[in-house]
Amino acid sequence: MQVTAMDIYRLLPQTNCEICGEASCMAFATKLSEKETQIELCTELESDQLEKLESLLAPAVREITFGTGDKTATLGGDEVLYRYELTYYNQTPLVIDVSDNMDDKAFQDRVKTIEEVEFERTGEKLRLDAIALRNASGSKEKFAETAGKLKKSKLPLVLCSMDPEAMKAALEVVGDEKPLLYAATENNLEDMANLAIQYECPITLFVNNDLEKMKELSRTLRAKGIKDIVLDPSTYVGNGIGDTIDNFVMIRRLAVEENDEDFRFPIIGVPAVTWLYEKDDVQGGIKEATIAATLMNKYADILIVHGTNIWELIPMLTLRQSLYTDPRKPQAVDPGLYEFGEVDENSPVLLTTNFALTYYTVEGDLKSGKANCYLLVLDTEGRAVDVSIAGNQFNGKSVTDIIKHSKIEDKVKTRTLIVPGLAASISGEIEDESGWEVLVGPRDSSAVADFLLKLKNKG
Amino acid sequence: MDKMTQLLKLLEKTDTIELHEFKLDIDELELQLMPLVQRAVQKQAEVITKKLIPSQPFELPVHDYPGEVAEVQLGAGTRKPILLGGQKALYRFEEPQPNPPVVTFDVFDIPMPGLPRPIREHFSDVMDHPGDWAKKAVKDFGANMVTIHLIGTGPKVMDKTPRQAAADIEEVLQAVDVPLVIGGSGDPKKDPKVLEAAAAAAEGERCLLASANLDLDYRKVAKAAMDYNHAVLSWAITDINMQKTLNKYLMKEGLTKEDIVMDPTTCALGYGIEFSIDVITRTRLAALKGDKDLQMPMSSGTTNAWGSREAWMKKDEWGPTDYRGPIWEIFTGLTMMLCGVDIFMMLHPSSVQLLSEIGSTFTKEYLETDVPNISNWITELGV
Ligand code: B12
Ligand code: SF4
Numbered sequence: 006m007q008v009t010a011m012d013i014y015r016l017l018p019q020t021n022c023e024i025c026g027e028a029s030c031m032a033f034a035t036k037l038s039e040k041e042t043q044i045e046l047c048t049e050l051e052s053d054q055l056e057k058l059e060s061l062l063a064p065a066v067r068e069i070t071f072g073t074g075d076k077t078a079t080l081g082g083d084e085v086l087y088r089y090e091l092t093y094y095n096q097t098p099l100v101i102d103v104s105d106n107m108d109d110k111a112f113q114d115r116v117k118t119i120e121e122v123e124f125e126r127t128g129e130k131l132r133l134d135a136i137a138l139r140n141a142s143g144s145k146e147k148f149a150e151t152a153g154k155l156k157k158s159k160l161p162l163v164l165c166s167m168d169p170e171a172m173k174a175a176l177e178v179v180g181d182e183k184p185l186l187y188a189a190t191e192n193n194l195e196d197m198a199n200l201a202i203q204y205e206c207p208i209t210l211f212v213n214n215d216l217e218k219m220k221e222l223s224r225t226l227r228a229k230g231i232k233d234i235v236l237d238p239s240t241y242v243g244n245g246i247g248d249t250i251d252n253f254v255m256i257r258r259l260a261v262e263e264n265d266e267d268f269r270f271p272i273i274g275v276p277a278v279t280w281l282y283e284k285d286d287v288q289g290g291i292k293e294a295t296i297a298a299t300l301m302n303k304y305a306d307i308l309i310v311h312g313t314n315i316w317e318l319i320p321m322l323t324l325r326q327s328l329y330t331d332p333r334k335p336q337a338v339d340p341g342l343y344e345f346g347e348v349d350e351n352s353p354v355l356l357t358t359n360f361a362l363t364y365y366t367v368e369g370d371l372k373s374g375k376a377n378c379y380l381l382v383l384d385t386e387g388r389a390v391d392v393s394i395a396g397n398q399f400n401g402k403s404v405t406d407i408i409k410h411s412k413i414e415d416k417v418k419t420r421t422l423i424v425p426g427l428a429a430s431i432s433g434e435i436e437d438e439s440g441w442e443v444l445v446g447p448r449d450s451s452a453v454a455d456f457l458l459k460l461k462n463k464g
Numbered sequence: 187m188d189k190m191t192q193l194l195k196l197l198e199k200t201d202t203i204e205l206h207e208f209k210l211d212i213d214e215l216e217l218q219l220m221p222l223v224q225r226a227v228q229k230q231a232e233v234i235t236k237k238l239i240p241s242q243p244f245e246l247p248v249h250d251y252p253g254e255v256a257e258v259q260l261g262a263g264t265r266k267p268i269l270l271g272g273q274k275a276l277y278r279f280e281e282p283q284p285n286p287p288v289v290t291f292d293v294f295d296i297p298m299p300g301l302p303r304p305i306r307e308h309f310s311d312v313m314d315h316p317g318d319w320a321k322k323a324v325k326d327f328g329a330n331m332v333t334i335h336l337i338g339t340g341p342k343v344m345d346k347t348p349r350q351a352a353a354d355i356e357e358v359l360q361a362v363d364v365p366l367v368i369g370g371s372g373d374p375k376k377d378p379k380v381l382e383a384a385a386a387a388a389e390g391e392r393c394l395l396a397s398a399n400l401d402l403d404y405r406k407v408a409k410a411a412m413d414y415n416h417a418v419l420s421w422a423i424t425d426i427n428m429q430k431t432l433n434k435y436l437m438k439e440g441l442t443k444e445d446i447v448m449d450p451t452t453c454a455l456g457y458g459i460e461f462s463i464d465v466i467t468r469t470r471l472a473a474l475k476g477d478k479d480l481q482m483p484m485s486s487g488t489t490n491a492w493g494s495r496e497a498w499m500k501k502d503e504w505g506p507t508d509y510r511g512p513i514w515e516i517f518t519g520l521t522m523m524l525c526g527v528d529i530f531m532m533l534h535p536s537s538v539q540l541l542s543e544i545g546s547t548f549t550k551e552y553l554e555t556d557v558p559n560i561s562n563w564i565t566e567l568g569v
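Residue numbers (my numbering), protein chains in the order written: chain S, 6 to 464; chain A, 187 to 569.
Just chain A, same shape as in the assembly (with noise of 0.2 Å):
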C-alpha cells in the first residue's frame, strides 16, 4: 500500500485527525482528504433548535448596471429587419432582454461534400444552388436568417471570383426574404476584395460581413459596410484584449456600435469551450460594467462543434452519429447562450428548434409562465 491508501484506511474509522511529523504532496493530500475531513466536522446536531441570527428578508438579488449593449439592426430594404442585443441586464429577473437569441442557418456557395451525413441528409437536394438551399432553411427549417459562405472562393477551393461570389449573393438574396450573413472563404487575402463585391450586390439589404479580423485589411471590409449599409462581424480568438483593439480599430474607421457584431470565437464542446465561456463571460460583464468597447453583441460559429470527433466519428461504443452530432451541436451553442451570445450560426434543424426554444424564454418576465407542479415526479416517471 502506498502513504496515501494506508492514511486513507486509518482515516476511515476517525472522526478526529491529529497529524505529526506527516510529509506529503499537499495537493494530493487536499484532493483526497477534503470529503474525510468535512465528514469529520459535519456530524448534525442532535434535534434542537438553534438560535440563528435574524435573517435578511427575501429580495431577488439583482444588480444595477451602468453600461447596456447596443442593439444592431440585420436586414432593411428588402429583407424583413432583424435586431441583436440591447440587453440592460445579464438575467432575465433583472430585466428580460428586449430581443431573443437569433439562429442563421449555414448555406454554402458550393455543394459541400464534406459535411457530416447527417446535415446532408437535409439539404443534399438543394446544395448545387445556394438560393434554394436558403430556401429550404428559411421554408422548412424556420430559419431567422441564412449565413452563405462564400467558401468557393478560396484560392485553393474553386477560386471564384469576386464578381462570382456576387451573383451568387444575388441568387440567395433573390430566393429569400431574411437577413443575410455573408462569410468569406477565410483567405486572408482574398477576403477583403469578396466581402466588398458581395456588399455592393447587397446594397441597402444590411447584410452582416464576416468577417474582420487583424489578419487582414479589415479597413476594407468596415469601409464595404459602410458604402453599401452593412454591419462587420469582428472575429478575435479567444482573447478579449485583441477583441477590444479590433473594435476600436473598426470604430475609428468610422462604424459605430450599432454597425458590429462580435466573434470572440466558439471553440466546442470538450475542444476549449471552457476558453470561450471564460472569454465570453468577461466580454459580456465588461459591456454591462460601461466599456464602451465592447458593448455590442456577440456571435457563435456554433458549426465548429461539428469537427469534434464525438460529432463525427463512426464508432459503436458511442452510439450513433445522427443523435451525437446535433447534441454536440446544441451543446455547444446552449453553453454559449447562457454566457450572452447573441446570435448563431448552426447547420442542424433540430438543434436549431431546441436553441431557440430556451432562448425565447429571455425576452419573457420571472414567474410570468404558467409551470406545472412536478413534485410528483417520484411516482410519475415510467421505467
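The shape of chain S in the complex, shown without the other chains (with noise of 0.2 Å):
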C-alpha cells in the first residue's frame, strides 16, 4: 500500500512557495512518500487537508510510542507483510517483568539485571527496552508503590493489571511518565478507556482468542477518541501456538492488506506465560526464548519475558536484529585503514573485509587481545570473506588496490600481509599482484591475537 508522490501532491496547497525547504510542493511530495520528511514542515496546510494528509500518510500499522523524555520504546510503524518488500520499522522492544509483590532486596537486583543487559554485536549494543510491572498481589497500595519505585528507572514502563481501581492508583504516581496500559478486557474496557484518556496513555486490548470479539472492542475504544491501541490476542504456548501464529498473522493481513481501520494496530505477545507451565529455569528458558522468536517472526511489535538468563536473551536480540536490518542497504563498515593499540613502523598489517559482521567480529578480538596492530579494510560492497573471494570482490586486484590507498607503505617498514585463513586460496595471487609476501592467518578471528604474539615472539 505505497502511497505515490502524485497523491501527496493533490492535497498540498500547490504554490511552491519553499517554506518546507523544498524547491517544489512536487519535490516536498516526492521526499513525504519516501519518509524523507515531515508533513509538518509544510505550514501552509489547512486543518482537514492536514488531518487527510496524515491518515494517507500514515503506516499501515500504527506508531506508537509509550515513556517520555529519554524514557521511551517506539513500537509498530510497518507499511508491509514481508521484510524483502521494504523493510520493518521500530525494532520489537523487548520488555521484562517484575511483580509487585517481591521483597525490596531482590525487586531492585532484578530491576538492576533488566536495565544492565547489553549484549554487543556488529558494533551495536543490543538491549531490553522496558520493564512491565505486574500487579500480582492484587492489592492497589503495593502496585501504586511500586509502580513509584520504577520512576528512577532508566526503562519506559508497562503497567500490567485487569483491575482499574489498582491501574488508577498506580496512574496516580507514574500517569505522567505515559505508560503503556495492559490491558483493557471485555469486563474492563469503560474504565480502563477513561484512565487512558484521562492520562493520555497507549492502552492494549486483551482479547482470549476471539478477533471477531477484538475488531467489536476496538472499535469501541476508537470511537471514544483513542488513537494509540495495542492488540493482544492470547498467547498460547504449547499446543495453542498454532492459533496464536493465527491471529497474529490475520491481524497483520488485515492491517496491510485490507486497511480494516480496527486492525491497525501493533501486536503484543506474552512469552512470559510459558512460565505458568513450567518451572525449570533451563527448559522454561529455552522455551520462552522458542516462543519469543515465533512471535517476533511472525509480527510481534513488542513482547513481554520473564526469563533474564543472558543466554537466553542473546538470541533474541539476534534475531531481532536481524529481522530489522534494513535489506535496502548493504550492512557495512567504511573501508581503509585502522589502527589498534600502539602502532609504530613495525607493526604487523592484517587484512579483513567491510562486511560489518566481519568487521566487528575481528575488531572484537582484536581489541580483546590487546593486539597491536593496523588492519586494512577491503572494501567487499558488504561482504564477507568467503562470499566475497566466491565473488571476486576479493582478489589480488582488489588488496594491491587498497595497499596502495591506504599509503601503509608509507607508515611500516613490513611487506608481510596477514590474510584471513579463509583467503589462503587466493594468497598467491595476492603476492604476485601487490609484491607483497602474505601470510596465511587462522580461519577464526578469535585465534588472531594469540598468532600475533607468537608471530612476535618468533621474529
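Please note that the accuracy of each hint is not assured.
To be verified - Cross-link-like lysine-lysine pairs, in silico, DSSO-like; alpha carbons within 30 Å at most:
no.	chain 1	residue 1	chain 2	residue 2
1	A	550	S	303
2	S	303	A	475
3	S	218	A	237
4	S	117	A	500
5	A	237	S	229
6	A	500	S	463
7	A	550	S	218
8	S	218	A	274
9	A	501	S	463
10	A	379	A	443
11	S	57	A	237
12	S	145	S	232
13	S	110	A	501
14	A	379	S	303
15	S	461	A	500
16	A	550	S	284
17	S	57	S	40
18	A	501	S	459
19	S	284	A	475
20	A	237	S	173
Stated by the list, open to error - Residues of chain A clear of chain S, computed beta-carbon distances all greater than 10 Å:
no.	residue
21	267
22	348
23	404
To be verified - Quick partial rundown of chain S residues pointing at chain A, CB under 8 Å, derived from the structure:
no.	residue
24	190
25	211
26	291
If you're looking for bench data, these hints aren't it; they were derived computationally from the structure. Every residue, glycine too, gets a C-beta built ideally from N, C-alpha and C.
The task is to assemble the complex, starting from two chains supplied on their own in separate frames and drawing on the hints.
Now the structure itself:
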C-alpha cells in the first residue's frame, strides 16, 4: 500500500512557496512519499487537508511511543507483510516483567539486571527496552507503591493489571510518565478506556482468542477517540501456539492488505506465560525463547518476557537485529586503514573485509586480545570473507589497490600481509599482484591475537 | 552539544515545530525525530464519541492461491514412507497443510571429533558406527528420518571410495527403517560418483540425494535418482533465480516436481539469516502464485547454526554453550519453518523436539485446539 508522490501532491497547497525548504510542492511530495521529511514542515496546510494527509501517510500499522523524555520505547509503524518488500520499522521492544510482591532487595536486583543487560553485536549495543510491572499482589496500594519505585528506573514502563482501581492508583503516581497500559478487556473496557484518555496513555486490548470480539472492542475504543491501541489476542504456548500464530498473521494482514481500521495497531506477545507451566529454569528459558522467536518472526511488535538469563536473551536480541536490518542497505563499514593499540613502523598489517559482521567480529577479537596492529579493511560491498572471494570482490587486484590507497607502505617497514585463513586460496594471487608477502592467518579471528603474539615471540 | 542534541533539547517541551532554514542530514533527522513528532501529533481526544466510518463485518483474511506445493514422498521399499510439502495455502487458517514439517538427524560416516560438545555428549558411544548412530537417533530421540553425510569420502578427509560409501549406506539401511537423506562430502568432483554408488546400494528405497547444484555434474545425480528411484535435493545459494534455473535443468533431465526438494540455503541466526528469510519467503509465495519451477518442498541445513560463534564459543558472559547451542539451532530452524521450510537437518535432540512441537500444529485447524484462558497470567506467574 505504497503512497505515491502524486497522491500526496494533490493534497498540498500547490503554491511552491518553499517554506518547507523544498523547491516545489512536488519535491516535497516526493520526499514525503519516501518518508524523508515530515508533513509538519509545510506550514501552509488547512487543518482538514492536514488530517487527510496524515491519514494518507500513516503507516499501515500505527506507530506508538510510550514513556517520556529519554525513557521511551516505540513500536509498530510497519507498512508491509514481508521484510523484503521494504523493511520492517521499529525493532520489537523487549520488555521484562517484575512483580509488585517481591521483597525490596530482590526487586531492586531484578530491575538492575534488566537495565544492565547488554550484548554487543556488529558494533551495536543491544539492550532491553522496558519494564512491565505486574500487579501480582492484587493490592492497589502495593501496585502504586511499586510503580513509584520504578520512577527511578532508566526504562519506560508497562503497567499490568486488569483491575481499573489498581491501574488508577498506579497512574496517580506514574501517569505523567505515559506508561503503556495492559490491559483493557471486555469486562473493564469503560474504566480502562477512561484512564487511557485521562492520562493520555496508550492502551492494550486483551481478548481471549476471538478476533471478531477484538474488532468490536477495538472499535469501541476508537469511537471514544483513543488512537494508541496495542492488540493482544492472547499468547498460548504448547499446542495453542498455532492459534496464536494465526491470530497474529490475520491481524497484520487485515491491517496491511484490507486496511481495516480496527486492526491497524501493533501486536503484543507475552512469551512470559510459558512460566505458568514451566518451573525448570533451563527448560523454561529455552521454551520461552522459542515462543519469543516464533512471535517475533510473525509480527509481534512488542514482547513481554520473564527470563533474564543472558543465554536466553542473546538469541532474541540477535534475531531482532537480523529481522530489522534494512534489506535496501548493505551492512558495511567504511573501508580503509584502521589502527589497534600502539602502532609503529614495525607493527604487523592484517587484512579483512568491510562486511559489518566480519569487521566487528575481527575488531572485537583484536581489542579483547589487546593486539597492536594495523588492519586494512577491504571494500567488498559489505560481504564476508569467503562470500567476497566467491564473488570476486576480494582478489589480488582489489587487495593491491587498498595497499596503495591506504598509503600503508609509508607507515610500516614490513611488506608482509596477514590474511584470513579463508583467503588462503588467493594468497599467491595477492603476492603476485602486490609484491607483498602473504602470511595466512587462522580461519577464525578469535585466534588472531594469539597468532600475533607467537609471531612476535618468533621474530 | 552537537546540532542534533540541541534540537532535541529544544523539542522536548514542544508540541508544534517550525523549522526555518534548517539544514541537517535528513536520514539522521528522520530517525531521531519520528517519536517526538508523533507525540506532538497524537494527543488523544477528551472523552468524546467519535463518528467512525461504518465497519466491514469481520471476515478471515483468506487468500486464493492459484498454485500449490508438490508432495514429495521419501522412503519406499523397506522404509516407512514420509510425505513432504503439499501445501495449498500459506497459513493453516486458510487451509491446514497436509503434512507436518519433518526433522532429519545428522549422522556421519566418520566419528567427527569436531562436533560441538553438547552433541557429542549424546552420541559419543555410537560415533564409530553410522548404523548405531542412526539407530540411536531414531530409537532414543524419535528422529523421523536420518541424514547420512558421507564426509569420509572427501579427498582431503579420508578419501573413502564410492564402494566404501555404498557399504556405509547399507549399514544404515539395515539399522533403521526410516527414510534416508544421503549427503556427499561437498567435493564437486567426487560427490556425483559417491552419490551414484550410494543410490545403487539403496535401490528402491527412495532416499533424498544431497545434493545437485550448478557447481557439479548434476546430470549424473539426476540420472542416479531416476535409475534407482530416489529424490534429489536441489541446492542454490540464497538466489531465487539460480534455484529456478537449477530446477529447470533437473526437470529437463527427466525428474518431476515430485522428485525434487529445494535447499535455498540456510544462513544461520546472526550470520545472514535475513537473506534466507527473504529468499525462502519469496520462493514459497512464488510456488503458491503458480510458478511451476519453484513448487517443490524446501529443506534447511539447520545445523549451520552450530558454526556461529554464539553457539559454540566458550565465553562466560554469554552463559553456558549447553543452552546457547541448542537455542541457536532452534531459532535458525524455527525461523526457516515459519517461512515455509518442510524438512530440517538438525543435530541436537532437544532442538528437534521443540521444533517438531510447533511444526505439528501446522496440520491442525484454526480454533480446534483447547486453549486455556490465560488472562490471569499477571497474578499467577511466579516471581
Ligand atoms: C551469508 C552468506 C551469504 C550472503 C552474503 C552475506 C554477506 N554480506 O557477506 C549472500 C546470500 C549474499 C551470499 C552470496 C553468495 N555466497 Co554465500 N554464504 C553466506 C554464509 C552462509 C555465511 C557468511 C558469513 O556471514 N560469515 C560470517 C563472517 C563473520 O565470516 P568471515 O567474513 O569469514 O569472517 C571470519 C573469518 O574469515 C575470520 N576472519 C575475518 N577476517 C579476518 C582477518 C584475519 C587477519 C584473520 C586471521 C581472520 C579473519 O574470522 C571471522 C570470524 O569468524 C556462508 C557459509 C558459511 N556458513 O560460512 C556462505 C558462503 C560463504 N557463500 C558461498 C557462495 C558460493 C556465495 C555466492 C558466490 C553464491 C552465488 N553463486 O551467487 C554469492 C557471492 C555473492 C557475491 N560476493 O557477489 C560459499 C563460498 C564457497 C567458497 N568458499 O568458495 C559459502 C561458504 C557457502 C558454501 N558452503 O558454499 N552468501
Ligand atoms: S511549504 Fe507547503 S506549500 Fe510551500 S512549497 Fe512546501 S509543500 Fe508547497
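Residue 57 of chain S paired with residue 237 of chain A [C-alpha distance capped at 30 Å]: 16 Å, holds
Pair hint outcome, residue 117 of chain S versus residue 500 of chain A [Cα-Cα no greater than 30 Å]: 25 Å, holds
Satisfaction of hint between residue 500 of chain A and residue 461 of chain S, Cα-Cα up to 30 Å: Since the Cα atoms of residue 461 of chain S and residue 500 of chain A sit roughly 26 Å apart, the hinted pair holds (cutoff 30 Å).
Residue 550 of chain A paired with residue 303 of chain S [C-alpha distance capped at 30 Å]: Status holds; Cα separation ~18 Å.
Restraint status (C-alpha distance of residue 110 of chain S to residue 501 of chain A at most 30 Å): 29 Å, holds
Restraint status (C-alpha distance of residue 237 of chain A to residue 229 of chain S at most 30 Å): OK: residue 237 of chain A and residue 229 of chain S at ~9 Å, within 30 Å.
Hint check, residue 190 of chain S versus chain A [nearest Cβ-Cβ separation less than 8 Å]: Status holds, d = 7 Å.
30 Å limit on alpha-carbon distance, applied to hinted pair residue 550 of chain A and residue 218 of chain S: 23 Å, holds
Distal placement of residue 404 of chain A relative to chain S, Cβ over 10 Å: 19 Å, holds
Holds or violated: residue 501 of chain A to residue 459 of chain S, with C-alpha atoms at most 30 Å apart: Distance of about 23 Å is within 30 Å: holds.
Pair hint outcome, residue 303 of chain S versus residue 475 of chain A [Cα-Cα no greater than 30 Å]: Cα-Cα ~21 Å, so holds.
Interface hint for residue 291 of chain S, Cβ within 8 Å of any Cβ on chain A: 6 Å, holds
Violation of the numbered hints given earlier is confined to hints 14 and 19; the remaining hints are satisfied by the structure.
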